[in-house]
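Put the two chains together into one complex; each comes in its own frame, and the hints tell you how they fit.
The chain contents come next:
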Amino acid sequence: MDCGKLDELGSVGMVESESHYPGGLQTIINLFQALPDEEKREALISYAEQAPKWAPKPGETFDLEDVRKDEECTDTVGVFLKVSPDQRTVFRVSLGPQVQTLTRAMASILCRGLDKALLQDVLEVPGDFVPKIIGADLVRARSHTVYYVLTRMKGIARVYLNRQRVTGNS
Amino acid sequence: MATTEYAHPEALVSTAWVAEHLHDPNIRIIESNEDVLLYDTGHIPGSVHVDWHKDLNDPVIRDYLSPEHFAGLARRIGITPETTLVFYGDKSNWWACYALWVFTLFGHKDLRIMNGGRDKWIAEGRELTKEKPNYPATDYPVPAKRNDQEIRAFFADTLQWSKERKPLIDVRSPGEFKGEITHMPEYPQEGVLRGGHVPGAKSVPWKTATNADSTFKPVDELRKIYQENLGFKPDDETVVYCRIGERSSHTWFVLTKLLGFNKVRNYDGSWTEWGNAVRAPIEKP
Numbered sequence: 001m002d003c004g005k006l007d008e009l010g011s012v013g014m015v016e017s018e019s020h021y022p023g024g025l026q027t028i029i030n031l032f033q034a035l036p037d038e039e040k041r042e043a044l045i046s047y048a049e050q051a052p053k054w055a056p057k058p059g060e061t062f063d064l065e066d067v068r069k070d071e072e073c074t075d076t077v078g079v080f081l082k083v084s085p086d087q088r089t090v091f092r093v094s095l096g097p098q099v100q101t102l103t104r105a106m107a108s109i110l111c112r113g114l115d116k117a118l119l120q121d122v123l124e125v126p127g128d129f130v131p132k133i134i135g136a137d138l139v140r141a142r143s144h145t146v147y148y149v150l151t152r153m154k155g156i157a158r159v160y161l162n163r164q165r166v167t168g169n170s
Numbered sequence: 171m172a173t174t175e176y177a178h179p180e181a182l183v184s185t186a187w188v189a190e191h192l193h194d195p196n197i198r199i200i201e202s203n204e205d206v207l208l209y210d211t212g213h214i215p216g217s218v219h220v221d222w223h224k225d226l227n228d229p230v231i232r233d234y235l236s237p238e239h240f241a242g243l244a245r246r247i248g249i250t251p252e253t254t255l256v257f258y259g260d261k262s263n264w265w266a267c268y269a270l271w272v273f274t275l276f277g278h279k280d281l282r283i284m285n286g287g288r289d290k291w292i293a294e295g296r297e298l299t300k301e302k303p304n305y306p307a308t309d310y311p312v313p314a315k316r317n318d319q320e321i322r323a324f325f326a327d328t329l330q331w332s333k334e335r336k337p338l339i340d341v342r343s344p345g346e347f348k349g350e351i352t353h354m355p356e357y358p359q360e361g362v363l364r365g366g367h368v369p370g371a372k373s374v375p376w377k378t379a380t381n382a383d384s385t386f387k388p389v390d391e392l393r394k395i396y397q398e399n400l401g402f403k404p405d406d407e408t409v410v411y412c413r414i415g416e417r418s419s420h421t422w423f424v425l426t427k428l429l430g431f432n433k434v435r436n437y438d439g440s441w442t443e444w445g446n447a448v449r450a451p452i453e454k455p
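Residue numbers (our numbering), protein chains in the order written: chain A, 1 to 170; chain B, 171 to 455.
Next comes chain B alone, as it looks inside the complex (with noise of 0.2 Å):
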């Protein structure tokens, strides 16, 4: 029988929630934004800043940071593995969802997001100060793997989700599902020379699972949009992609911890990989 509950509420608090645990020493706020240099302007009193380009990306190679590299991080940002992390940022947490994602592949357990991200805390007139926070370092240790395995898709994995018709999510805009653009709308273009989709991938823009003050939809209508109009079922491995597998890791964080999903991964080669792949089969209206 469908409740009206995420499958696992506690992935995400409130603007209140997090407002009554800004001294709570077992909690790190964390801010990622696009805007790079939004933070500094001014932010949540406590927050530290991950930048979602520095932090969480291998400097040289493109791929994420290595365990050791996550390991230093968490160290300077003054977290143990026992710490509750809460992310938020701008564009509806997009850049948050993506953080979330990165430290879920090193095995951090509780990680939240922050419903309504940025928009909503200023929008509620919060406080916001430009005082950075200075955490005592800690001994975080370097985990034992990266969990790719568990919930990323590579090109290989992708390709063989289309060829079988498995599930599979475009999350990207309809003009760059189509084929029309090969840029986001709004964005400049980063590189890309074929437009169109990934055969067999149904077209489920990002946004369309948030309202308008940034905020996620309510499970009902999160079922309605990925259940019974597009056939998504929660025991199915699906992949999800977009350019560069951030705004899929916000579509992963609603269908894993939103609906409960079992397994779903991200394609974080996303179409800046397949758009430029040698011969990747390319469907366009």
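Okay, chain A solo, but in the shape it has when bound (with noise of 0.2 Å):
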């Protein structure tokens, strides 16, 4: 299945919704739940080969970049993070080669589904949406670092409110 379709769901912008998810990852969510298990990895693999178009472009600038191989990685990670002045992020991850494939598709949800969403919602996302969207069948105590791509988006997303707190601009 290709990721091309969410559209066809609906907008994957920024939706007014009474989930306690924003907007475009809610539309996702959506989509992955109504979907049989056979499509659900479909899906999956076609969220995992559009990883590389979430990579930062040449000439990209960010107000933060974190690059780095944690211990419990297989392979570097880096994620970049740029803010408009209005409070809304736009996300880019790097992935090494080593990054397995449910992780490369996390990766790529969450840069779509966060797209210009607001900085505290970022930050609010919990990590249950995950078994919603990969099915209870892939969720094993290995497969647990797709929520290390949100918990990254986090952690990036929190120094940067930090900074602003402090240098008074909040």
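Any given hint might turn out to be false.
To give an idea of the interface, some chain B residues facing chain A are shown, with a C-beta separation under 7 Å as derived from the structure [said to hold, decoys possible]:
1. LEU208
2. ASP210
3. GLN330
Note that these hints are calculated values from the structure, not bench results. Even for Gly, the Cβ is constructed at its ideal location relative to N, Cα and C.
As structure tokens, then:
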């Protein structure tokens, strides 16, 4: 399944939603929850294959960059954040070649789902969206690194907010 | 007199051999990975996927699948007891060896590993496909038993091995062996309360047996590692362990099929059982 089909079901930009997920992410969750397992896997593969599109582009500038290889990760993951004057976020993620498929998919989903989300909303995204997307079948102890990308995004968003507070800009 | 050939050379096939046998109806190629979606991204044409977690383990209790479920799996992937099974996968065939070991528990006879695994196949520019094959179901008979006693060690066996200082190999990373960390480097913590190793165990990380291209080291190098340097003997009963029995499946394959050790058992409870067991003895430098 192609991720582009998401747009047929509704904009992945910010939409009003009663849920606690930013609108774009909620749309993706809704789509996945409607899919049978096999199509869910196909959609995840499609997202994973699109992960390079969410890497920083040459010449692109960011407010914060955090590139590192953590001890519990198989490869380097870079998270890049740009924040607009109205506090909306743009995330880019770079992934080393050893990063697992599910993590690639999740990076792609989060970059798309949190695009133009409010900084504060990013900090409040609960991790319970992961099993809603990938299904209980794929949630295992060793797949828990799928939560890692969200943790890193929240981490860089928190650093940005703290710096704003320190400089009195918030 | 030492030979330059593996003890059971038939247990290992090359990528070229697999490429020549892609359409052989008597052969089934099986991919088994740690990366749960890797098969879906592209696999060897005609290969089937065996998910180490979902297909090979009991869904509720910590144990392997039952003989009935094994027969169900075998029927689903369209094999008979006579089919030659060739396993391959990511991480230097770590999970392929795990799958092969589980199939050994049920007595399937002709089990092989594709040397170099998925990495080598891709590095050689060989074909991958996303097309999933659909083989007619077979009537694979339910195995009479699971061969736990032959190739599997339990907590009590390992405790005895430790107390009697019998051959015991810890295949985890040096940091895990020393108790400095309780998870694999580059992996999440999987719930272990204590660090260290089973008293008497010698440390031989599983990957010591592999080359940079994911193939197995030549037999003389393997002999040097396990026999000459550490004194393990092919006739000794040996127990291997890691965290959940998967990395030690790789070492089990090396010792049993490549070096010809007669009796090697995999303690699949491994450190996630031992490191959580009340009063289990632990050695920590």
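Hints, verified against the model:
For LEU208(B), the shortest C-beta to C-beta distance to chain A is roughly 6 Å, which falls under 7 Å, so the interface hint holds. For the restraint placing ASP210(B) at the interface with chain A, the shortest Cβ-Cβ distance is roughly 5 Å, inside the 7 Å limit, so the hint holds. For GLN330(B), the suggested interface contact is broken, since its CB lies about 29 Å from the closest CB of chain A, more than 7 Å.
Hint violations for this structure: number 3 only, all remaining hints satisfied.
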